[in-house]
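Asker: Given next are the chains, with one letter for each unit.
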Amino acid sequence: MASPDFSLSVADCPLIQVEGWDGTLGQFEKSLSTSLDTKLPASVGETVRQKSLLVIRVAPRRLWLALDDGAQAWSLAVDPDLGCSVSLGEGRVRFSMAGAGVAGVISKCIAVDWCAPAAAPGRAVLTSLHHVPVLFLRTGETRCELIVPRSFSQSLSDWIADVAG
Amino acid sequence: MARYSAFSILRNALSGQKNWQRAWRAAEPKPSYDVIVIGGGGHGLATAFYLAENHGIRNVAVLEKAYIGGGNVGRNTTVIRSNYLLDGNTQFYEFSMKLWENMSRALNFNVMFSQRGQLVTAHSADQLDGFSHRANIMRLNGIDADILDRDEVRRLVPYLDFSDTARFPIHGAIFQGRAGTARHDAVAWGYARAADGHGVDIIQNCEVTGFLRDGDRIIGVETTKGRIGAGKVGLAVAGHTSVLGAKAGLELPIESHVLQAFVTEPLKPLVDHVVAYGADHFYVSQSDKGGLVFGGNLDGYNSYAQRGNLGVVREVAEAAIALMPCISRVRLLRHWGGVMDMTPDASPIICPTPIEGLFLNGGWCYGGFKATPASGWCFAHTIVTGRPHPLIAAYGLDRFRTGHTLDEAGAGPSAWLQ
Amino acid sequence: MLRIECPCCGLRDHDEFRYGGDASVTRPAHDDPDPEAWYRYVYVRANPAGLHREFWQHVIGCRQWLVVERDTRNHAIASVELARQLSARKSPARKPPA
Amino acid sequence: MSSNHKRLSMGGRIDREQPVEFTFDGRKLIGYRGDTLASALLANGVTLVGRSFKYHRPRGIFSAGPEEPNALVTLATAGRRQPNLPATTLELADGMVAESQNRWPSLAFDVQSANGLLAPFLSAGFYYKTFMGPTRRAWMFYEHFIRKAAGLGRADTDLDSDRYDISHAFADVAIIGGGPAGLSAARAAAAAGARVALIEQDFLLGGQLLAEPSDSAAAAWLRQAEAELESSEPVTLMKRTTAFGIYDGNVIGLVEQCDPGNPLLAGEARQTFTMLRVRSIVFATGAIERPMVFSNNDRPGVMLASAARTYLNRFAVLPGKKIIVGTGNDGAWRAAFDLADAGAEVTIADVRAAPPTALATEAGRLGVMVRVATRVVDVRRGHAVRRATLNGPDGQSEAACDLVCVSGGWSPTVHLTSHLGVKPEYRDDIGGFVPGAFAADRFGAGSMMGIYSTTDAIEDGHRAGTAAASFCGKSAPVPAPSKLDLGETATVPFREIPSLGRGKAFVDFQMDVTTGDIELAHREGYESVEHLKRYTTLGMGTEQGKTSNFAALAAMAALRNATIPETGATTFRPPYTPVAIGALAGRAIGHHFKPIRRTPMHDWHMANGAEMLEVGLWMRPYFYRQSGLDVNDAYVAEMRNVRQAAGLMDISTLGKIDVQGPDAAIFLDRIYANGFAKLPVGRARYGVMLRDDGIVFDDGTTTRLAENRFFMTTSTAKAADVLSRLEFLLDTAWPDLRVTVTSVSDEWAAMSVAGPKSRAILSAAFPALDVSDAALAHMGLLESEWQGRALRILRLSYSGERAYEIYVGATAGQQLWSRLLEAGGPLDLKPYGVEALGALRVEKGHVAGPEIDGRTTLDDLGLGRMAGKRAGFVGDLLRRRPAFQAPDRQRLVGLECIEEGKRLRGGAILFLPGEKPYGHGRGRVTSVTFSPERGHYVGLALLAGDVASEGSEVVAVYPMKAETVRARIVSPVFLDPQGERLHG
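Chains as they are written, first to last, in the working numbering: chain A, 1 to 165; chain U, 1 to 418; chain Z, 1 to 98; chain W, 1 to 984.
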């Protein structure tokens with residue numbers, strides 16, 4: 001859907017989850033940082049962008065590596081003694097929302113304070129939309145994204161269209 | 001005790017209402033009693049009444065920390081039914097139903113027991129099969145039960161959502177015609193007045209702060225009105241059983257949780273039955289004053305605060321509209337919370353305890369109101385004989401150790417999931 | 001609505017969390033052969049009217065299990081910690097492989 | 001009478017340029033923008049507005065706010081019917097259709113007003129004492145009539161044609177109430193740097209300042225404050241918004257009404273429910289004036305003094321020409337002066353012997369007659385007051401009047417503060433309840449704290465706003481508040497004395513509770529405040545006793561000869577004013593009640609004749625219409641096709657969990673009742689998990705993908721619970737295990753190909769893969785890629801046939817599904833649904849939801865051998881409890897129907913032949929299916945172990961259909977007990 005004030009587009013969302021074990025987390029993150037050639041976000045909700053890759057910390061020992069849609073897929077070798085990885089990209093869908101009305105629509109969807117530092121551009125918030133776990137990514141002053149489970153995506157985009165209507 | 005009747009109303013109307021007596025005396029504690037019942041709620045007052053009425057034990061005190069009927073008997077949504085599945089529950093609740101059917105006359109107090117019928121909607125063939133299992137058990141135990149198909153439900157309660165937009169379309173329902181509602185406060189007051197008529201002392205603003213012991217035996221209680229001796233002590237303080245149990249040294253499988261209740265503005269008759277939503281947590285009836293009285297699920301975390309959270313208010317409103325869309329414009333007038341004793345199998349605990357002289361009646365979860373008369377009847381018997389009444393044989397404290405739990409929903413031992 | 005300060009995600013409505021009940025009871029070791037210990041762990045609850053240690057999982061967020069200290073009379077929350085950190089303190093994690 | 005004949009030509013806050021047309025009981029009337037329905041009715045001389053609950057007494061307009069007990073109306077637009085609305089809060093809008101209620105046939109002549117004559121019999125609680133005979137069910141007869149008589153307005157059963165929104169909002173400081181204290185608090189908090197939400201229920205800011213003349217200094221102060229706040233960036237002004245409840249976590253429930261002056265655009269909400277989350281709260285909720293208690297004090301034409309002043313100054317309506325003001329405090333004098341100034345003939349009856357001389361002087365100047373030590377004791381009956389009886393030092397006298405204004409003092413609005421358990425405390429010096437001690441993040445300001453002078457309230461609001469901001473860490477310097485002195489003198493409380501008149505003196509107008517009822521309650525021992533409320537129904541009306549609480553308490557205190565604090569205080573419950581249930585649900589209605597989960601193949605199912613079934617939130621194919629006319633035909637056909645050829649089933653709804661880590665095998669060994677440590681890489685195993693109490697929790701298959709990696713499936717229903725449980729154990733019990741679990745349920749599309757031709761179909765669909773039995777044995781795994789997505793083929797069977805579960809990346813699910821159908825078409829591959837799936841598993845004797853019902857153990861389900869002699873897994877110890885070992889414990893058996901032309905049904909109760917069918921029987925049938933293999937119905941049952949010997953008979957009784965069927969106990973595996981078909 002699109003209006004001058006609000007637009008919503010839906011795309012696939014290539015995504016890999018990596019996680020380090022307790023006790024060897026430092027080693028794991030160092031090695032990951034080297035192979036991605038970037039520093040890692042320090043705390044949950046922080047993100048780091050590296051070219052077409054967005055690194056998001058979603059739990060103390062867990063990171064999501066989200067690729068821009070259409071970017072070249074890549075594989076990541078993780079030492080099983082240090083951690084593991086699992087691909088989640090088939091099961092997620094990315095909603096991109098933009099427009100002057102986006103904050104108003106978001107306020108009817110999720111309990112996230114658009115003005116808070118935790119939701120500032122570049123931040124990620126794990127929260128719920130109509131009981132479904134979603135990842136909110138603030139991508140700009142009047143833009144944001146939601147990464148949602150694929151099985152709920154139709155229902156959630158209908159919901160957003162309804163509240164935005 | 002002067003009898004209530006149409007005639008007494010007439011006579012008092014003509015004398016300017018000046019001659020009514022107190023419904024129960026403002027009693028102060030005697031030094032000791034044969035039996036002390038702690039808790040002036042429905043169960044405690046009923047117990048006192050049946051101690052006197054059935055067993056001739058009249059030297060009885062009911063101790064209430066505030067005012068009688070101030071706990072769950074005065075906070076619940078007043079649904080009365082006997083549609084239980086498991087052996088041990090079925091017969092007990094049906095016995096209770098039979099006592100309800102005669103309660104107003106037995107107490108000479110109109111508790112307004114209204115057998116308007118209860119239905120629970122089913123939303124799939126499988127769910128209706130499950131209801132049929134329940135209905136079969138009820139019928140085989142001499143209890144009325146019916147299974148309704150979608151059209152029959154529609155004829156009975158046309159205001160439910162039978163539209164194409166229903167998220168969980170109605171497939172059918174289980175119906176118990178003898179189920180209904182009663183005026184909750186009247187139950188407490190009716191039992192209090194009748195017990196008082198038998199000589200029972202109802203002592204308000206008397207909080208029990210500890211137990212008196214002789215060795216391993218309980219011989220009385222400490223209260224805010226002093227020490228009171230007792231031959232036997234019965235605990236009937238559901239919601240706060242753990243708090244008093246701890247004072248007596250009882251270890252209990254009980255958690256306190258809040259269940260919210262809701263009432264709308266008074267309306268002309270709209271809902272003639274008790275209707276429960278089988279696809280989510282919502283049930284509704286209409287009081288004689290005209291308010292729709294409804295409820296939903298537990299708040300879901302241990303609580304002794306008699307208030308609920310806003311998330312549940314919202315969920316209940318959503319479920320209400322999902323079941324009966326016309327409720328959308330009706331306005332919520334008041335909502336409040338009651339503190340429930342939740343047990344790991346959602347069934348009550350009534351039994352003698354390991355402590356001599358102490359008897360326990362608690363763990364009523366969200367189903368205590370309908371059990372009030374049978375609970376009082378059986379608890380009185382248990383206190384007098386020292387052995388569980390046959391109808392409460394399954395409600396022992398020991399069942400969690402032995403595995404003889406009565407888990408109607410199969411929800412498992414997390415009390416808040418029951 | 002309770003608001004729970006998740007150590008990872010910040011202050012959130014409690015309906016983002018899954019309740020896990022009393023955290024003061026100790027789970028027996030997985031191979032503990034004493035049925036009484038298991039009975040007590042599964043069933044016996046202090047159920048205090050006051051400060052209650054309890055588990056919550058931020059199930060819709062970072063999925064961490066937390067230990068929350070909350071007053072059951074007024075829902076005032078005194079502390080929130082990651083359960084994993086607390087349990088690791090009790091039974092230190094094994095040493096990393098050399 | 002001319003329209004608006006009580007309207008003044010000047011003043012007020014109405015827009016005379018914008019006339020508004022509305023109807024009341026069919027009469028077309030005109031008001032103005034800025035009116036409420038109440039003010040417009042008064043302007044038009046309408047004084048009789050409603051009928052009371054019990055006695056159907058005529059009632060008029062009593063207040064000018066949400067405390068209104070009398071003037072309740074129904075808004076009767078079709079599809080938008082709304083009963084029981086106080087006319088005093090309804091912002092007048094063009095086309096408004098209002099009706100009076102609780103009357104028949106008309107407001108002026110109401111049949112049930114005869115109830116008034118029966119009043120002596122209808123005393124409080126009379127119904128508890130009668131209607132008990134002659135028969136046991138007599139109440140059902142009486143109740144029918146009582147229900148019809150009770151209730152107020154009528155609700156529609158039509159669909160609600162309005163829309164509601166829900167929104168989430170955040171601020172540092174919430175300020176509840178836009179009167180002088182609230183406005184001052186908002187200015188201070190904003191200046192200190194806080195994000196402020198100012199909440200006002202009215203459509204204008206100002207609170208009591210709106211009762212001041214529109215050309216006064218107060219009006220100027222208000223204009224300035226409003227302008228300042230409107231231009232202040234961090235302030236959100238929320239007018240027409242009621243804070244209906246304060247909830248834990250500093251969450252405030254707000255409902256905002258749309259502006260009725262602007263017709264709703266399509267998609268615009270009538271009301272918005274906002275959950276406002278804040279860090280601190282300033283309560284500036286004001287106070288509510290109390291009525292006085294005297295005979296017939298409920299008649300139309302008796303009005304709160306502050307309300308009369310509001311109608312005069314805000315709405316430019318002079319509600320009476322000959323007015324008696326009954327009071328005991330200074331505030332009502334100001335109303336008297338303004339009314340006199342507007343041309344009314346006013347008499348003040350003040351109960352005090354010596355009111356302040358300054359007031360008396362002013363009265364003299366304005367020609368207001370003053371009678372001290374005098375009170376109103378009665379008003380003449382009728383649809384409007386005509387005369388009042390005054391009792392003073394010289395005895396009783398009558399005075400003609402058309403309006404009686406009353407002021408029994410003020411009650412601080414402590415409703416919201418008590419929602420979270422702050423107990424109101426009585427203050428003798430102000431004769432009212434104020435909130436008790438606040439938590440550190442809550443503040444009170446102005447008249448709700450008993451501070452009644454405007455000057456002081458502004459000062460107090462300033463203090464509270466500054467403190468609330470400071471609590472949030474916002475402490476920028478705050479300029480001093482701009483002052484406003486209205487010259488009010490202190491309000492001195494007076495204690496209510498019993499009515500001296502003869503008629504009914506009302507305490508609760510809406511519920512028709514009189515002083516007599518309170519006396520009766522006291523006489524009968526219902527003397528605690530809660531008993532009083534419940535016995536008399538005091539405070540149970542739509543306004544929740546906002547005007548009645550204090551008078552009732554005072555009356556009971558007098559009867560008990562106790563102080564007010566000894567008598568108690570009532571607990572106020574949310575909502576502060578009634579809230580439409582629709583607003584609380586917002587958009588979560590209809591299809592959006594719960595979100596819908598769709599599998600990757602959902603669109604294919606919809607396009608290809610699937611009848612869908614809700615399973616949890618999932619939509620699953622129930623059966624396909626091409627298989628049969630109804631589900632019973634279709635499932636048997638689909639089942640046959642699986643047994644004879646092959647079927648394709650969408651199993652994407654299964655829970656799927658990725659389990660990884662060096663200790664993954666140890667972990668699985670603990671959480672499953674059967675062992676997994678020795679499972680070879682590339683192999684799958686069926687596993688059962690128990691709860692801690694030893695009851696079966698869930699089942700599924702888990703496959704070892706690599707040394708450190710497993711792929712677990714769970715039942716559809718338990719997927720989320722299982723994952724949380726596993727995380728719980730890892731976080732809290734075994735943090736030393738290096739294992740992580742992740743839901744991959746959405747990641748994979750999953751489909752099962754089952755039937756003798758399944759291997760051939762796989763060969764055709766995946767020509768490049770070796771799916772021979774050598775390469776892919778039963779319980780084996782094949783990993784590959786398809787169309788660039790990961791592909792996993794597991795050879796698992798639920799139906800008892802050779803079968804394969806195929807997992808592919810979700811985005812390719814529908815494509816692979818179509819590919820399989822295409823490749824399998826020549827081999828008769830057809831889709832099948834949930835009903836056939838269930839039937840196939842029953843025939844094979846696999847347990848599922850109906851058997852794993854939260855009450856059964858491994859042994860009950862015949863799975864005890866899986867655990868064997870293992871120990872140390874979850875639930876092991878408690879599954880050995882005595883109850884689970886009892887000889888009559890119900891265990892899984894198979895049953896087959898042995899009566900021609902009859903069938904088994906799930907939910908039938910089992911008895912022994914010859915046994916009287918009464919009670920709970922020996923067991924029950926859990927699942928049934930027609931077995932094409934056997935040619936009759938077969939079923940699974942749970943049956944007492946001491947009677948469950950194979951070959952003997954039981955009787956299945958199904959009272960709901962009056963059926964009794966004989967059945968034989970057999971092995972639950974009805975098909976291929978040797979498992980040959982798995983390899984066929």
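Some hints could be false.
Unchecked claim - A partial selection of chain Z residues facing chain W, derived with a Cβ cut-off under 8 Å:
id	residue
1	L2
2	D22
3	V25
4	H30
5	P33
6	Y39
7	A46
8	G50
If you're looking for bench data, these hints aren't it; they were derived computationally from the structure.
We treat Cβ as the ideally placed atom computed from N, Cα and C, and that holds for glycine.
Asker: Now, for every hint given, state plainly whether the structure supports it.
Answerer: Hint by hint, here is what the structure shows:
Because the closest C-beta pair between L2 of chain Z and chain W is about 5 Å apart, less than 8 Å, the hint holds. For the restraint placing D22 of chain Z at the interface with chain W, the shortest Cβ-Cβ distance is roughly 12 Å, beyond the 8 Å limit, so the hint is violated. Because the beta carbon of V25 of chain Z sits about 11 Å from the nearest beta carbon in chain W, more than 8 Å, this interface hint is broken. Because the closest C-beta pair between H30 of chain Z and chain W is about 5 Å apart, less than 8 Å, the hint holds.
The beta carbon of P33 of chain Z comes within 7 Å of a beta carbon in chain W, closer than 8 Å, and the hint placing it at the interface holds. For Y39 of chain Z, the suggested interface contact is upheld, since its CB lies about 7 Å from the closest CB of chain W, less than 8 Å. A least Cβ separation of about 18 Å between A46 of chain Z and chain W goes past the 8 Å threshold, and the interface hint is therefore violated. Because the smallest distance between the Cβ of G50 of chain Z and any Cβ of chain W comes to about 15 Å, over 8 Å, the interface hint for this residue is violated.
Hints 2, 3, 7, 8 from the list above are not met by this structure, while the remaining hints are.
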